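Peer 1: Single-letter residue listing:
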Amino acid sequence: MIVEAVVLLGAVLILLAAIGVVRFDDVLARMHALTKASTLGVLLVLVGAALYLSNANDYTSLALAAGLQLLTSPVSAHLIGRATYRAEGIDHRLDVVDELAASGVDRADDGDSAAGDG
Amino acid sequence: MIAATFLVLLAAGVGFGYRLARGPSLADRVLAVDGLLITGVAAIAADAMRTGRGAFLPVAVVITLVGFVSTAIVARYIEGRGA
Amino acid sequence: MKRYLLALWLVVAWVAMWGRLSVANVASGVLVALGLLALLPPAGSQPHYVFRPVAIVRFVAYFLRQLVVANAALTREIVTPRDRIRTGVIAVPMEEGISDGLLVFLANATALTPGTMPIEVVRDPPTFYVHVLHLHDVEAVRDEVRRMEHLVIRAFGSKAAVAALDRPEPRGRRDEGPS
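Residue numbers (our numbering), protein chains in the order written: chain A, 61 to 178; chain B, 24 to 106; chain C, 5 to 183.
These aren't lab readings, by the way, just hints derived from the structure by calculation. Fair warning: this is a prediction, and the values are worked out from it, not measured in the lab. Every residue gets a Cβ at the ideal spot worked out from N, C-alpha and C, and that includes glycine. A hint or two may mislead.
What the hints assert, rightly or not - Restraint-style ranges between C-beta atoms, simulated for each label pair:
1) B/27 x A/115: 36 to 44 Å
2) B/95 x A/83: 43 to 51 Å
3) B/75 x C/154: 39 to 47 Å
4) B/44 x C/26: 27 to 35 Å
5) A/148 x C/140: 33 to 41 Å
6) B/41 x C/127: 20 to 28 Å
7) B/48 x C/101: 16 to 24 Å
8) B/82 x C/67: 46 to 54 Å
9) A/131 x C/7: 13 to 21 Å
To be verified - Covered, in the sense of this in silico footprint (three residues per stretch, anywhere, with C-beta under 8 Å from a C-beta of chain C), are these stretches of chain A:
10) 61 to 67
11) 70 to 84
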């Protein structure tokens, strides 16, 4: 019973991530919501399923899925965030501090991006 | 309670689907697809709990990996092309 | 040495996918791992990672707590009206001798902690550029990221890196922001 509640909590966190993705105004903000909430949510669901099932075969698949989620989800969020920043910059309506623009880090350092700055 | 889990995941899927349809930029749509993939992984795990058989669990691993690679590819594209 | 550890991890993952620890699984796993390693060239420098159990536990406990706090903050954020968002990108300089693997690990950890998301990593000098969701106090966010960094170095870093942490710093290096 507790295990099912854990799984339900994980699903609610994923729903929270979805609400965040729908409600926030800015791509980068939506990405914050998606990464943090859905990673913890899916971890809870996978851990709950591992506790509920009793086959060793399943444990390994679930452990592998959980480990891979934990590794890949932040990286893909970072890649999208970086790509969006390089393509568009952040929304200066929102009263921001932007030290990356000020630092002069070369945006197109991989040589194959066709667009110029911003 | 597992039925409630499925309902919640369905609502999450609808939310991500809305963003997929509406999201003004390509990055929004990629986020929505990533969210849908995570919802799918959770649904597979919940279904394994419902039936008691873990036959589809390796699918969750494959979805995670393929989703990561495709997100990375689209991120590269956005960087070059603009969102 | 690092390559053999990588091969071991590949074999473990392969056997985990098949689920059963049988001779056939392990043998095919070893073949696949060796084949992959033969195809892919070795990476650049192989830094030496040390595992310190107490420090690792401290880091994991802090990280898990931050993960939960991040979600609590996010929940409150989603439920209350939206116009409190004030975003920004700040620069956080890292320790000079930090290795690439630790930098990547730290970037992953920062993506999961409250309010922060790394969007650019520069290797020389090592700096994170972090996108923050609620930017009210720049120095507080920098301190948070640095705290995580110190925990990671103490948990996994080489002896030289930990010694560099404990050495008193020359005045003036930390006080200047990105110039």
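Peer 1: If you test the structure against every hint from before, which numbers come out violated?
Peer 2: Checked against the structure, the hints that fail are numbers 1, 2, 4, 5, 6, 7, 8, 10, while the rest are satisfied.
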